[in-house]
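Novice: Chain by chain, the residues:
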Amino acid sequence: MDDVNHFRRLCLVWLLASVIATPLVVFVLAPGLPPGNGSVQASGQVVDNAVLLGVSTPVALAVLVYFFYALVAFRERDQSAVLDGPPVRGHSGVQTTWLVVTTAIVLFLAAYGSIRMLEDGSGGGQGPNPIAKPTGAAGALQVQVIAQQWKFTYRYPSYGGLETADLELPAHRVVALHVTSLDVIHSFWAYQLGVKADANPGVDNIAYVQTKGPLTFNVHCAELCGVWHGYMFERGRVVAQSQFAAWIHQQQQQYAPVQKSLVPYSKQYFPDPQRRGG
Amino acid sequence: MEASAPAAAHIEPEPREWQPRALWVGARLLCGAAAFFFMAFVFAYFYLRSLDVNKSWKIGSVNVPFGFGLAIAVALVLSAVLLRLATSRPEKVVALGVGALGLALLAVVLQVIEWTTLGFGPASGGYASVFIGWTAFYAVFAVTSAYWIETQVATAWRSQREGVRQRRHEGVVGDDRELLSAGLEACSFFWAFYVAIGVVAFVILYVV
Amino acid sequence: MSAIAVTADRRPAWRRLIGFNLLTGIVLGIVGWLIGDEIGKAIHAPSLDYYSDSAGQNDISILLGYLFGVIGFLIGLGFANYPVRRLLGHPPTLAEHEDEGEGVGRYFRLCTDHKVVAIQYIIGIGVFFLVGGINAMLIRTELLQPNTHVFGANQYLTLVGMHGAMMMGMMTSVILGPFANWLVPLMIGTRRMAFPRIEAFTFWLLMAAGVILVTTIFFGGFQTGWTGYAPLSDQGTAGYDAYIGFFALIGVSMCLLGFNLLATIITMRAPGMTWSRLPIFVWSVVATAVLMLLAAPMLIATLLMAALDRTAQTAFFIPGNGGSPYLYQNLFWVFGHPEVYIVALPGFGIVLELLPVFSRKPLWGYRLAVAGMLGVSLLSFFVWQHHLFVSGINADLRPFYMLSTELISLPTGFIFLCAMGTIWRGRIRFTVPMLFCLGWVFNFLIGGISGVFLSDVPSDVTTHGSFFSMAHFHYTIMGGLVFTLFAAIYYWGPKMFGVRFNDRLSKIHFWSLFIAFNSTFAPLFALGMLGMPRRVVTYPANLQPLNDWVSVSAFVIGLSMIVFLVNLVWSLVLKREPADPNPWRSKSLEWQLPTPVPLHDFDTFPVFDEDPYPYGVERPGPPAFAPAGGAG
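Protein chains in written order, with the working numbering: chain P, 438 to 715; chain F, 4 to 211; chain U, -3 to 628.
It is possible that some hints are incorrect.
Claimed, not checked - Once the Cα atoms are required to be at most 27 Å apart in a straight line, the calculated DSS-like pairs of lysine-lysine come out as: (1) P/Lys704 with F/Lys61; (2) P/Lys570 with P/Lys697; (3) P/Lys588 with P/Lys704; (4) U/Lys571 with U/Lys503; (5) P/Lys704 with F/Lys95; (6) P/Lys697 with P/Lys588.
To be verified - Per label pair, the in silico range of CB-to-CB distance: (7) U/Val562 with P/Asn474: 45 to 55 Å; (8) P/Pro565 with U/Ile511: 45 to 55 Å; (9) P/Lys704 with U/Trp507: 52 to 62 Å; (10) U/Gly15 with F/Trp160: 28 to 38 Å; (11) F/Glu94 with U/Ile31: 35 to 45 Å; (12) U/Trp507 with P/Ser703: 51 to 61 Å; (13) P/Asn442 with U/Trp507: 26 to 36 Å; (14) P/Ala683 with U/Asn538: 23 to 33 Å; (15) P/Pro565 with F/Gly63: 55 to 65 Å; (16) P/Leu461 with U/Ile511: 17 to 27 Å; (17) F/Gly63 with P/Lys697: 47 to 57 Å; (18) U/Ala38 with F/Gly124: 11 to 21 Å; (19) P/Ala602 with F/Gly124: 36 to 46 Å.
To be verified - Covered stretches of chain U, as calculated for chain P (at least 3 residues, CB under 8 Å): (20) 248 to 260; (21) 316 to 323.
Treat the hints as calculated values from the structure; they're not laboratory data.
Even for Gly, the Cβ is constructed at its ideal location relative to N, Cα and C.
All chains should be modelled from the sequences, with the hints used to inform the complete structure.
Specialist: Listed below in structure tokens is the structure:
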């Protein structure tokens, strides 16, 4: 059998496999992928994952099918003699095609990822000067996330710099999370919201999230921060607007005695350098 | 302790230009490594300076003595020039090499004196950190390079006294002369490059 | 068969122990440690303000102890002899202890024969590979339950850090150390490396580094993982000093290894060995060596800054005093990303070197493969900030780093294309080395494609710092490096050791490893997606079934490694069935030499007049040369 026939059969197998597998992956597997539908950013990530899976499935299948086919078709049947294959050292047409195709895929992926990221920041921490803001970012609720070994606390500057031990966010609202740290590097990961932002000491790292309906989400530190890193997790809640107002009021009452001795709200804090400690 | 002399005559000798060329190439490669090492400090300098975290680039009165920096840089440059001159004057290698070595060590000594008389300590902000770190490791590697210079001088001195030895490795026929001059060339090239890094350090740390 | 007359050592056994060898090295190493420790104690370390010295927390004395210990160790091995002779003006020589015969003794002292160094490397690194592997087993044991049950949090993090540092630090040399040192001279037709003493030096430095890392357990371990992020490192216990000592020495060793390999390949190619005739493995060594030479110094500088922060109270990484944690992250990853390609690139070379042999075809697309390797090497310097996509640094540069990261898949794709072209219409034989190469193809494909998700910012927000990224780099590093390492051992082992491996055990090793590997790391993608961050000692209870599955699979990997060890002992020590000089019927130069390879490799230098893959062409066979000793 000559090259062309082999190649035709190979392409047929690949097409068949791709046509079956790709829709399965994109429409059945991908929508169920984490982090779910908890916020606009989280569902954006799910869509993004679906697109990446859609592109990479046929690519992976091409390589796998090729190897599977070639290994079966060109296996040495006569183990006794050592015979050589044809001395083919390249094929400029194939090489050019490969280069063009892979370049196109890569450029598409990079462009797609950049555009998606620039839409709303995708929930990632963008530092003190964010370049990608979701619509309505100007009126966003500002919430500061303060990480320290080994606890997150939260401050609400629009409510007098109130500092709370738990995170609650109003539903259907744009929230700007200002993530910072008092000691070492932590990372604020609100899983169901699709938010991750490193907490660096002395840095105001802003991540935007657009909440949807009420839900409970997991918060976990995602950067190794010392001995009790594994225990640095908690739960936060997204609640209806009215419930949020009530909660804030209740918190202001509860923490009123502490509030007086708090340092004033600031974008970053510089406690004495801790050279040694935990 | 040395390479086995080719006992059997049927071993083809190694091409005699290999080792001198390896020295030539090696010196250039080392320059690359040295450049990347100090690039980390250059990066640290500009990074911390531009961030100026907590307004602490310089805490208090952090002023380095310009005169010391200039003296160190001049000593280094002179040393590199002398060693480079030695490569083209085989008969004066020992004298020029001793001069280069002395100036290199003088630079290190000046550096140590400067540290002891500084008006600030390592904890006085980002600039102080970079200054201490950079000059410290520059001095350490300068001493190492001074060792390299010393070996060249000592070899030249001994071969003047005892004559150039026959090359004994890998069956190469002929004497050590081209190997020795390649070693000197490699050493002087690296030293010149290293001194250039020192001049950059002077410009960045004292002038900018 | 050696052309050199070997004089047998007739001294009594106890007398042979005295002299410059490993034993003396260890003794002087301990002496050096004690001296350094005492000097350090005379200096007031800032750590003493927080801990008393009785807790062994004086950073200065510990670091000086390591420094002097290493110096003592090297002096004991005899590394100081030649520099002292040079100091006195004695002329340069190029070798030491090469002519010490066939005895085992030469493996325990400074020997500059590139074949001896290679064997030293493979055994020495193998021991530390085992240590790193056992760490992994212990980590998985701890993760059998969602809460701490075997180890405490600190012990667990130390295990994680040691495993990471061992595997990412020492294993950078696991292919280049043994195989490049052994093969490069044979493949390019020379008898030695350009700087044989430096070659031996890199090995012994590595051993010292490994021991230093293990000593961290005496100083409270380190809590930072292999990345050693500051400012966590600034407050870490004294065990972090071991991390600094370890990684800085690894950096020096790596840098010098790359330096030596480059100098050798550039200057010492035999007549006719033009750049376009270099075996592809040598090209992969070139690409890797460039990275080692240039990236490793940055690592050393970074770690020295960390050491200064901890001892001299500088403030490179302490924000309150004008430093920045970002500085560490940037510097570390400028080194760190080339570093992962230092780990991956030799594997590319081995796969492309072996596929022609077992497909009986010339390498397809030689120039493309070379371009791919050099392309990876070059691009890897421009991608480091993808490790910092959510760190809040330079948000406006993210599209650039996204693009540059994804661009790396182009040259990597070349490697795949060349592999695919090579097997097309070949006569493929499924030997054990070939199986490992094919295992690489599968693993690296998964690893590469999962990398796309990490390079894409929106996707990365969830997967970053989670078990997903952990699974990704284990697919590329373990699936890439370790599989090609075994391919190389099974392929060149018969030549290096002169014995044949047990075929059945080798095949059991491959299949158990391949299946257990995938069964271990594929579920980790899911775990990461489900929200499990890296380096945690606890996790949500609902993730326990998956974690248990992973742990059990990991133990099977451990069993598979035991099969390998049994195979090694059986074939190398017990059975010692002599190997065919060319069991694979390979046409490359190294296989045309007799087994064992004679001391001086070639009596006359080979002359090359074609590329190294003359399969299926009329004039078959090796280039014209007479192997040493006249045997064929």
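Novice: Would you mind marking each hint as holding or not holding in the structure?
Specialist: Going down the list of hints, with the structure as the test:
no.	hint	in the structure
1	P/Lys704 with F/Lys61	holds, 22 Å
2	P/Lys570 with P/Lys697	violated, 34 Å
3	P/Lys588 with P/Lys704	holds, 18 Å
4	U/Lys571 with U/Lys503	holds, 18 Å
5	P/Lys704 with F/Lys95	violated, 65 Å
6	P/Lys697 with P/Lys588	holds, 21 Å
7	U/Val562 with P/Asn474: 45 to 55 Å	holds, 52 Å
8	P/Pro565 with U/Ile511: 45 to 55 Å	holds, 49 Å
9	P/Lys704 with U/Trp507: 52 to 62 Å	holds, 57 Å
10	U/Gly15 with F/Trp160: 28 to 38 Å	holds, 30 Å
11	F/Glu94 with U/Ile31: 35 to 45 Å	holds, 44 Å
12	U/Trp507 with P/Ser703: 51 to 61 Å	holds, 60 Å
13	P/Asn442 with U/Trp507: 26 to 36 Å	holds, 33 Å
14	P/Ala683 with U/Asn538: 23 to 33 Å	holds, 31 Å
15	P/Pro565 with F/Gly63: 55 to 65 Å	violated, 27 Å
16	P/Leu461 with U/Ile511: 17 to 27 Å	holds, 24 Å
17	F/Gly63 with P/Lys697: 47 to 57 Å	violated, 33 Å
18	U/Ala38 with F/Gly124: 11 to 21 Å	holds, 19 Å
19	P/Ala602 with F/Gly124: 36 to 46 Å	holds, 40 Å
20	248 to 260	violated (count 0)
21	316 to 323	holds (count 5)
In summary, the numbered hints that this structure violates are 2, 5, 15, 17, 20.
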